[in-house]
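Novice: One-letter residues, chain by chain:
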Amino acid sequence: MTTVGSRPRPSRAAPAFVAGYVTLLVAFGIVPTAYAIYFAFTDNEGAFAGLANFAVAAADFRFLPAIGHVALYLVCWLAALVVLVVALALLLHRLGASGAGRTLRLLYYLPGALAGAAGVMVWLFVLDPVVSPVGFLLRALGYETFGQVIAPGNLPVLFAAIAFWTGAGGWIVVLYGALNTISTEVLEAARIDGAGAWQTAWRTQIPLLRKWIVYMVILAFAGGTQLFVEPQLLSQASVGVAGRDYSPNQLSYDFAFQNDNVNTAAAISVELLVVGLVVAAVFVVRSGFFDAD
Amino acid sequence: MIRSKARPPRTITLLAVAAALAATACSGTTNAGDTKDGFTQAPQSDGPLTVWVDSTRLPAAQLYQKQHPAVKMDIVTYDGDANGSNYLQTKVSLFNRTGNGWPDVVFSSQNNEATWAVTAKFAAPLNKGLIPQSLLDGWANNANQPCTVDGVVHCLRNDLSQTVLWYNAALMTQWGYTVPTTWEQYEALGKKVATEHPGYLVGAAGDTFTPEIYLWASKCGANHITGPKAVAVNTTSPACTRMASLLDRLVAAKTMSTSSVFSSDFDKNEADKILMMPGPSWYGGSLFQGTFKTPKGQVGIAPMPHWADDPSPSAGNVGGGTWLLSAHSAHLKAATDFLTWVTTSDDYQGKLAVGYPAYAPAAKTWLAAQAASGYYANDITAPLQAAAGQVWPDWGYGQFSQEAIWAATVTPGLTAGKTIVSMLPAWQKAIADYARSDGYQVTE
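Chains as they are written, first to last, in full-length UniProt numbering: chain D, 1 to 293; chain B, 1 to 444.
Simulated from the structure, these hints should not be mistaken for laboratory data. Please note that a few of the clues may not be correct.
Stated by the list, open to error - Okay, the calculated bits of chain B under chain D, using three or more residues with CB under 8 Å as the criterion:
1) 85 to 92
2) 243 to 257
3) 409 to 421
Stated by the list, open to error - Derived contacts from chain D toward chain B, CB cut-off under 7 Å, selection only:
4) 135
5) 151
6) 241
Cβ coordinates follow ideal geometry from the N, Cα and C atoms, glycine included.
Let's have the full structure, built from the sequences with the hints guiding it.
Specialist: Here it is as structure tokens:
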């Protein structure tokens with residue numbers, strides 16, 4: 001017999017915790033987004049402007065190159081993220097709780113602990129063959145000067161490397177945690193069926209990680225389209241060689257503060273938001289992200 | 001209860017009137033909306049004078065504070081808009097939205113600040129009453145041209161950065177060379193050095209201000225600002241192509257570096273291989289004495305070379321900062337006093353400043369101090385004074401950054417082995433594109 005009155009009452013602390021999150025989400029997420037959408041569809045007098053601001057952005061000579069730059073960067077960054085993060089997480093899981101495993105977990109996480117701008121500053125030294133601790137590698141690749149290293153053709157790979165270095169550690173730890181949730185019985189069954197390390201990873205662990213990988217790709221894609229700090233700092237360090245309008249986000253910044261055109265800047269921001277949402281939706285639907293296991 | 005219909009008690013009304021009168025009395029001599037000295041002035045008050053400077057100009061503000069202990073100052077260090085960071089413009093744009101936060105006086109290392117600061121209503125007009133014309137007449141010819149919009153001076157030039165030819169006098173004597181006076185002689189000597197002393201340099205073309213050193217001095221019309229929002233751009237005229245060709249030939253001969261003089265690789269590999277180096281007046285203190293630690297008595301200055309068929313020698317210009325006074329300042333008297341002192345004072349401009357002062361009387365003191373230091377191999381006074389009057393006036397300061405455009409358009413190609421001549425059309429297109437995006441009428 002079930003007693004109706006025995007049903008546990010929800011804790012009163014729960015709404016308090018959620019309220020804090022919701023307040024911050026509204027203050028720093030929803031309100032600024034709504035403000036940007038308002039700007040994107042109005043002119044500098046506050047009158048409705050339709051798609052005029054979007055048209056101004058699309059017609060600007062810097063717009064298409066900026067889109068192309070970020071598209072190339074995303075290909076490099078997402079490919080590196082998916083392949084290397086999964087591989088390193090599997091390696092970490094294989095090492096388990098050994099001393100090496102614990103040390104590696106710390107090492108993977110450390111670069112992410114550096115603030116974004118500080119991480120890029122470290123790379124400005126790493127990429128200069130004259131002062132870099134890996135200068136011998138750069139020289140072996142034929143690069144003698146900082147200017148040669150930051151040639152425009154190299155930038156997507158360099159930005160992907162910087163982003164990987166600063167951002168991948170956290171994801172490795174997340175996927176390592178996800179691997180720990182896979183039941184030992186499943187892995188044991190795979191072993192009894194004759195699967196080696198490679199087959200266990202490929203046929204058992206990676207499929208079970210699928211949703212985590214999709215989650216990582218969605219967030220990394222959205223973050224990648226917002227590329228700003230890396231090219232902005234590199235542009236400063238290279239005195240403009242990297243270009244101050246390399247990415248759409250930089251272009252938006254330039255529209256706001258160089259051209260004094262906040263409305264077109266907001267239109268670019270809204271476009272980035274829409275692209276991030278659409279891609280997230282496609283990934284979620286195609287991967288069955290919200291399907292019950 | 002609806003309180004709005006209740007009449008306010010008489011005491012509260014009286015207090016409100018008294019408070020309003022007191023606020024008016026405390027606001028000083030000028031009321032909100034008063035137009036004086038050519039602009040609408042903010043109510044004046046007694047708060048601290050907020051001054052923004054870069055690290056190089058920090059000693060100026062500190063010295064003023066030391067000499068004027070009664071003035072309350074809030075000295076803020078920022079990047080000085082170095083490398084065209086646009087920090088000041090970004091902040092002013094935000095301050096304009098929030099309605100407060102503007103510094104009273106600000107130094108910028110960029111000469112094109114007036115182009116946006118006037119439109120943004122940030123820069124106060126200076127020759128409409130704040131600073132007497134008799135004082136403004138003390139600036140070198142055309143020195144305040146970058147600050148002048150429609151005949152109104154909106155900032156004061158800190159220093160001039162006229163270009164000259166720096167050379168290693170000891171090596172010149174040792175190798176029996178003569179300092180060139182024409183670009184033809186300069187190129188011939190560059191090629192001779194390539195043969196007789198390989199590895200030595202006669203210049204560097206890897207910096208963002210390469211066009212301002214070489215193409216400006218060659219009277220290349222790449223950046224002729226013809227009106228507040230109009231520019232004429234022609235990078236493929238003979239004046240441009242013959243200088244670009246000269247640079248290309250010397251790069252090919254390996255006597256013209258394609259590295260930046262401020263890069264680590266130049267410092268390590270090439271800094272001690274300079275025979276000659278066209279560059280601005282601040283190269284002496286900042287580059288040779290400061291960065292390269294070139295020993296005393298080696299470096300000399302000669303006038304910039306000129307084309308043999310051009311009877312009127314010309315120089316380029318690389319920088320030279322400006323000081324702006326905020327039109328929103330609530331401390332105009334103190335701000336004007338500081339601005340006047342920092343741009344004209346012998347104690348700072350004449351004795352401490354690193355660059356050639358734009359204010360002519362201070363420049364005399366500065367030159368005398370430089371000569372007395374004994375660092376230079378010859379008397380630098382005459383070449384620098386001559387160059388100060390030879391800066392070609394048809395290269396202007398637009399809102400778009402010439403340095404950034406050159407850096408993004410030409411420098412990567414130069415690094416990859418392309419010739420400058422082959423990139424001149426792309427450079428022109430980039431200047432025109434950026435100028436149009438800033439609202440300029442472009443004539444090509």
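Novice: Evaluate each hint against the coordinates.
Specialist: These are the hints, each one checked on the structure:
Residues of the region 85 to 92 of chain B with a Cβ under 8 Å from some Cβ of chain D number 4, which satisfies the need for three, so the listed coverage holds. Counting residues of the region 243 to 257 of chain B whose beta-carbon sits less than 8 Å from any beta-carbon of chain D gives 0, not enough to reach three: the coverage restraint is violated. For the region 409 to 421 of chain B, the proposed coverage by chain D is satisfied: 4 residues have a C-beta within less than 8 Å of a C-beta in that chain, meeting the threshold of three. Below 7 Å, beta-carbon pairs count as interface contacts, and residue 135 of chain D has none with chain B, the closest being about 10 Å; its hint is therefore violated.
The closest approach between the C-beta of residue 151 of chain D and any C-beta of chain B is roughly 6 Å, which is under the 7 Å cut-off, so the hint is satisfied. For residue 241 of chain D, the shortest C-beta to C-beta distance to chain B is roughly 5 Å, which falls under 7 Å, so the interface hint holds.
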